[in-house]
Amino acid sequence: MNLSLFVVVLITAIVLVAAALIIGRLLSPSSYNKQKGEAYECGIPTRGGSWMQFKVGYYLYAILFLMFDVETVFLFPWAVTVREAGIDGLINVLFFFVVLVLGLAYAWKKGALEWK
Amino acid sequence: MFDFAVVTQWVDTLLRSFLPDQAALLVEFLLVGLCLLTAYALIALALIYGERKICAWFQCRLGPNRVGPYGLIQPVADMFKMLIKELIDMNHSDKFLFRVAPFIVIISSVLAFGCIPFAKGLEILDFNVGIFFLLAVSSIGIVGILLAGWSSNNKFSLIGAMRSGAQMISYELSIGLTILTMVVLSGSMQLSTIVESQANGWFIFTGHIPAFIAFVIYLIAGTAETNRGPFDLPEADSELTAGYHTEYSGIQFGFFYLAEYLNMFVVAAVAATLFWGGWMPLHIPGFDNFNMIMDYIPSLFWFFGKVALMIFIIMWFKWTFPRLRIDQLLRLEWKYLLPINLINLMLMVIIVVFGLHF
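As given, the protein sequences belong to chains A and B, one line each in that order. Position 60 of the first sequence, counting from 1, maps to 60 under my numbering, and the rest follow consecutively. Position 203 of the second sequence, counting from 1, maps to 1203 under my numbering, and the rest follow consecutively.
Source of the hints: derived by calculation from the structure; they are not laboratory data. Just so you know, not all the hints are guaranteed correct.
Derived DSS-like pairs (lysine-lysine); straight-line CA-CA distance at most 30 Å [claimed, not checked]:
| id | chain 1 | residue 1 | chain 2 | residue 2 |
| --- | --- | --- | --- | --- |
| 1 | B | LYS1155 | A | LYS55 |
| 2 | B | LYS1155 | A | LYS36 |
| 3 | B | LYS1318 | B | LYS1081 |
| 4 | B | LYS1053 | B | LYS1318 |
| 5 | B | LYS1155 | A | LYS34 |
| 6 | B | LYS1155 | A | LYS116 |
| 7 | B | LYS1081 | A | LYS36 |
| 8 | B | LYS1335 | A | LYS109 |
| 9 | B | LYS1155 | B | LYS1081 |
| 10 | B | LYS1318 | B | LYS1085 |
| 11 | A | LYS34 | B | LYS1095 |
| 12 | A | LYS110 | B | LYS1335 |
| 13 | A | LYS36 | B | LYS1095 |
| 14 | A | LYS109 | A | LYS55 |
| 15 | A | LYS55 | A | LYS116 |
| 16 | B | LYS1085 | B | LYS1053 |
| 17 | B | LYS1081 | B | LYS1053 |
| 18 | B | LYS1335 | B | LYS1318 |
| 19 | B | LYS1081 | B | LYS1095 |
| 20 | B | LYS1085 | A | LYS34 |
| 21 | A | LYS34 | B | LYS1081 |
| 22 | A | LYS55 | B | LYS1318 |
| 23 | B | LYS1085 | A | LYS36 |
| 24 | B | LYS1318 | A | LYS116 |
| 25 | B | LYS1095 | B | LYS1155 |
| 26 | B | LYS1095 | A | LYS55 |
| 27 | A | LYS110 | A | LYS55 |
| 28 | B | LYS1155 | B | LYS1085 |
| 29 | B | LYS1095 | B | LYS1085 |
| 30 | B | LYS1155 | B | LYS1318 |
| 31 | A | LYS55 | B | LYS1335 |
| 32 | A | LYS116 | B | LYS1335 |
Over 12 Å on every C-beta distance to chain A, these chain B residues come out as not near it, computed from the model [as the list claims (entries may be wrong)]:
| id | residue |
| --- | --- |
| 33 | ASN1065 |
| 34 | LEU1219 |
| 35 | HIS1283 |
| 36 | ASP1295 |
| 37 | ALA1308 |
| 38 | PHE1321 |
| 39 | PRO1322 |
Heads up, the beta-carbon is just placed ideally off N, CA and C, and yes, glycines get one too.
Same shape as in the complex, but just chain A:
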């Protein structure tokens, strides 16, 4: 039942966008002008392409994010059963946790968290 409702919500979202786009196409004027299709960069003609190499700093944060986010995902099943797992479970998870904090400390020490 839940899965079919998920599909219903998904289809609703797609229908919303598609319907609004069709209504927009029907109601809005359309005229072709070569200048109109140029990229808007404050009225100055674009120089070079925009699909180029980009600052590597962003990817560094993306990799760090991946590490910590996957860790959060691993902790979720334990979080639900914290009461049943009790102190034994807490000690087991602490090992995992400490390794992770060490990872963050290493990244911090290496200067990966600085924006340069």
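Chain B: place on chain A using the hints.
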């Protein structure tokens, strides 16, 4: 308290009385979709009106007051204006990705919207991993924003999208960890169970100090996640014209606008559900007469009252703090919020394991 399951059950039996099972199910699905769309659109309109009025009051202006009484029809007029504006096709953009990006952004926000328990028995998607699903679904939006910036073939869009991506994934971490903290306290990921387990006091009261710290971090991270307030540098209008949606026009721009407001609603609703009890009225154990009086107030009012308060706080942020630089933004997340969050999580676990919570 009024249970909305009564209404849905009544509709179900009514439909099944004169329709075959499959057809009844189909009609129900259509009704669910229709209700979802109506709620989505109405809340978006209310938020746009609220944003403009509150912004005006903060700046000692009157705000919209010409179209309809108190300017109430203004957001409708805005929406109609967006519909009748031309959809411009770019010369050098990646056409396919350019069109797909709004779909992804809207799908992410509608799916997250569908998970929220609005009132007793009034929720669409109620998975047993509800909050986890919400977290997963709301992070799909980043893909849409990155695609929008990349496919526009515009330097402002690209910079805006990249900033937005870095910001959203960074703060996604804080949101995940604060939600994890509250899951530790509640012992369940199902949103309806989370709300019902707050019948003897909301989590922000029963969870000691860790719950309050988690709430503050969640609010900061949520504001950053929706690209608002002091964290609006992906679309910093004075630097980047409009960030990742610079090249979008007409209703295609409207989708990003809509998704942004609805994401703010989702963030506020999750804050209300996890920390302030969702639709659960204020109960104090031991004061039975007081609890009974509180139960008379409908759950829908409790939920929307709390959400409105959260949204007001988020809007308040925007007009109080100056915009951060990207290095300050990332430093705030990685060097302050993340370590505090990890310590806070351990505090909460110790409190729950040793049974120290109220």
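Original post:
Checking against the hints above, which ones are violated?
Top reply: Structure breaks no hint.
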